[in-house]
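Peer 1: Make a model of the complete structure from these sequences and hints.
Same order as they appear, the protein sequences are chains A and B.
The first sequence lines up with residues 1 to 240 when you count with the numbering used here.
The second sequence lines up with residues 1 to 238 when you count with the numbering used here.
If you are wondering where the hints come from, they were derived from the structure by calculation, not from laboratory data.
Wrong hints could be hidden among the right ones.
In silico EDC-like links for lysine to aspartate or glutamate, alpha-carbon gap of 16 Å or less [to be verified]:
{"hint": "1", "chain 1": "A", "residue 1": "22", "chain 2": "A", "residue 2": "228"}
{"hint": "2", "chain 1": "A", "residue 1": "110", "chain 2": "B", "residue 2": "74"}
{"hint": "3", "chain 1": "A", "residue 1": "119", "chain 2": "B", "residue 2": "204"}
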Amino acid sequence: MAASESSTPAFDSIELQELKQKLIDGCHILDREGITDGFGHVSVRVPGTEAFLTIANVSPGCATLERLVMLDLNGKCLGGINVPPYEWPIHACILKARPEVMSVCHTHSKWSSLFSVLKGGLRPLHVYARFLPIAGPPVYPAAGLIGTIERGVALAASLKDSAAVLMRAHGDAVVGTSLEEAILRTIRLAFVSELAHMAVAHGEPLYMSEEELATFSADQAFPARPWEYYLSRVQERHSP
Amino acid sequence: MAADRKDVPKIDSAELKELTEKLMTACHILDHEGVTDGYGHISVRVPGADAFVTIANVSPGCVTRDRLIMQDLDGNYLDGAKTPPNEWPIHSCILKARPEIVSVAHTHSKWSTIFSVLPIKLKPMHHYGKFLSADGPPLYEGIGLVRTVERGNELAAALGNGPVVLLRAHGDAVVGESVEQVIERTTRLAMLGEWNHLALLHGEPRYLTAEELEVYNADQRFPMRGWEYYVSRLEGKR
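Peer 2: Below, the structure is given as structure tokens:
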């Protein structure tokens with residue numbers, strides 16, 4: 001443990017600059033796409049270490065390089081502004097339970113919040129949902145903010161091996177093997193939920209079958225193209 | 001009463017500058033977030049006085065410093081622009097009945113209005129609704145604008161000790177212990193109204209129980225992130 005900590009690059013090192021910028025871009029994308037409001041956060045693992053970067057108690061849309069914090073998987077501050085988000089255990093506990101996961105998004109997305117309190121699950125009905133299980137994402141049922149390790153561990157247990165978990169009366173947590181993938185999945189989760197909401201208003205839609213879902217999932221491509229697209233939308237807004 | 005007024009600072013005094021700025025920002029936030037239209041108003045109590053400042057018969061989105069008015073809790077004009085909002089008793093009667101309350105917002109929010117006329121209640125199904133009780137906000141049944149002290153008192157009675165009252169076929173009144181809290185509650189009430197509407201199209205959603213609301217309220221914090229975020233949106237940064 002001490003060995004891995006000593007190998008963690010310093011918060012201000014040049015090595016982390018690109019990752020930090022990507023984290024800020026990811027936050028701004030979620031804000032721009034209307035997924036986050038004043039709340040929610042994104043984290044990214046520092047590659048090869050037991051540390052992660054997230055935003056320091058600031059709205060994703062207001063995140064800047066000056067408002068980041070680096071924590072270890074027990075929540076200890078390793079650098080940056082020492083005001084971690086209240087729900088830092090969402091990130092620490094999932095990153096600890098899922099070594100392959102590089103990034104976690106937590107949002108209060110309207111659409112995730114909606115399906116988190118409905119009795120029917122959010123079943124895949126579009127190719128964009130191919131990262132979801134056939135019965136829809138699991139739901140973490142307990143009330144209360146994830147302000148403790150105990151609650152974070154319970155959330156990670158609900159998520160299990162899935163890409164997303166809905167949090168009842170709260171929102172979602174979405175993971176990816178890259179930050180780009182976590183952001184893209186978060187956007188698509190909202191998109192698919194809205195589609196499902198609209199479709200269900202017409203009656204029972206034609207959901208994807210398990211075989212069909214497996215076919216689509218075999219086609220996994222790295223999300224470089226949509227990332228470029230969403231980033232262009234953020235930059236468009238910031239240009240005069 | 002006249003003696004009290006000597007202790008009330010002038011509306012354009014340095015002492016009230018920050019508070020009146022905040023009041024105007026709050027009006028612009030509700031407008032920018034689509035909660036108010038051409039109508040609605042926010043008030044803020046003058047600290048330590050039986051007086052409040054609100055907007056002088058102008059749309060929240062159009063308010064400027066020269067269109068603020070100060071009144072006492074009987075509605076007497078004290079300072080500023082001379083045109084009180086039609087429904088000033090909403091503010092004076094609630095501020096009189098609830099000494100701990102610092103700010104009151106009244107809006108014609110689409111989502112409050114819809115739940116004001118439905119047989120089904122707007123109930124917390126997200127922790128953004130943790131300031132509400134499990135059975136949702138009460139309803140003021142009276143039809144007509146709240147232009148008299150009599151109606152203002154009825155409205156304050158319907159509000160009781162709660163944070164919100166819906167006004168039938170009209171909108172809402174939301175109270176808080178700061179302007180920021182009132183803005184958070186008013187914007188969240190609208191979000192919850194929309195989310196309840198969406199959920200109810202699928203059947204009965206799973207609401208938060210009174211016990212679960214207590215769990216959320218035990219986590220109580222009032223981060224200023226929401227306010228900072230809404231201000232940043234006003235400034236066109238996003």
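Peer 1: Can you confirm whether the C-alpha distance between residue 119(A) and residue 204(B) stays at or below 16 Å?
Peer 2: holds, 8 Å
Peer 1: Measure nothing beyond the straight line between the CA atoms of residue 22(A) and residue 228(A); if it is 16 Å or shorter, mark the hint as holding.
Peer 2: Cα-Cα ~12 Å, so holds.
Peer 1: Holds or violated: residue 110(A) with residue 74(B), Cα cutoff 16 Å?
Peer 2: Violated: residue 110(A) and residue 74(B) sit about 42 Å apart, past 16 Å.
In summary, the structure is inconsistent with hint 2 from the numbered list given earlier, while agreeing with all the others.
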